[in-house]
Amino acid sequence: LLAAVLLKDMKLMDVKLGQLGSWLAMRDFTPGGIMGAVRRGYNRYYNKYINVRKGGLGGLSMVLAGYVVLSYVWSYSHVKHDRRRKYH
Amino acid sequence: MLSRLVLRAAPAALRALPPPVAVGVLHTTRPLHTTQQSLAPVPPLPEKGGEVRHGLIPEEFFQFLYPKTGVTGPYMLGTGLLLYLLSKEIYVINHETAAAACILAVIVYGIKKFGADVAAFADKLNEEKVATALAMKNEAIQTLQTAIEEEKKEQWRAEGRNYLFDAKRNNIAMLLETNYRERLLMVYNEVKKRLDYQVAMQNLKRQKEQDYMIQWVEKNVVQSITPQQQKESIAKCILDLKALSKSAHAAV
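Line order of the protein sequences matches chains A and B.
Counting in UniProt numbering, the first sequence runs from 1 upward without gaps.
Counting in UniProt numbering, the second sequence runs from 1 upward without gaps.
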């Protein structure tokens, strides 16, 4: 007998695809809520990959890879002039 | 001492009050510290972080795809994505690509060669930090243990206060005794002095009476000797002397 969990309390991986829209609409988009979400994400990543006895390379390199990808995305409008073919 | 009695009587008096008044007096409406503390003791740090494959992709991704695509699924996905990005030129190959390739090659070579040594060095630093903290904790515990021992010893010492009080009581009793005896002696001396005075008075009176009586008798006797008796007595004396001298002559 599953307990009835409110939609807004469910985790993202448990939300069905059809409920995604309403789930997103229920989230807290105030500045305080966004800061809370950023803090939660940071804490999760930090406690999983960095705040351990024997940390590995992956913890730092994933952050750097994410930074590389993000900076490529932001500079795409400038890079696309170096394309070798115009039509793909 | 009286304040101590009052302090001891205060909680009993407070308990005897009706509850609303007692609550108002104690300034609490709910009990404190009833739940288990959630962060004590602090759980230890995990040994290793989350698994990351090739330094870039978390292991959870591979596990996520394993039921549907097996072991090679994520690699196929990666290859397909890469070809798509290259063919559509979403990832453009230009001079930056060559620079990135050289940099990556150097980084990978450096990590493969010196990774283990750097890891060992960092582990050693961590060990030292943890050891210092642990030493401090143990030392604090040791100090507190010693303090507990000392306190117990002091409590044991305080139990001997009965002997101290007995000794003091004995001292005071001795002082009282000495004082009492001194005063007793003084009383005795004073009383003796007074009695001696009375005795001396009586003796003096008797003596005086005796002397006076003797004097009075002598005076009367002398008065009663008339001149004629005097002559007679002197003649008698001369006769006696003559008789004596005769007997003395005879003796010689």
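Take the hints with a grain of salt, since some may be wrong.
To be verified - From the derived model, a few chain B residues whose C-beta atoms are all more than 10 Å from chain A:
1) Val-42
2) Pro-46
3) Val-52
4) Thr-72
5) Asn-94
6) Asn-126
7) Trp-156
8) Arg-181
9) Thr-226
Stated by the list, open to error - Now the in silico label distances, taken between C-beta atoms and shown as ranges:
10) B:Leu-125 to A:Val-69: 30 to 36 Å
11) B:Tyr-109 to A:Arg-44: 43 to 49 Å
12) A:Val-69 to B:Phe-62: 16 to 22 Å
13) A:Arg-44 to B:Thr-29: 19 to 25 Å
Worth flagging that the hints you see were computed from the coordinates, not collected in a lab.
Note that beta-carbon positions come from the ideal geometry of N, C-alpha and C, so glycine has one too.
- request: Output the numbers, in ascending order, of every earlier hint that fails for this structure.
  value: 2, 3, 5, 6, 11 and 13
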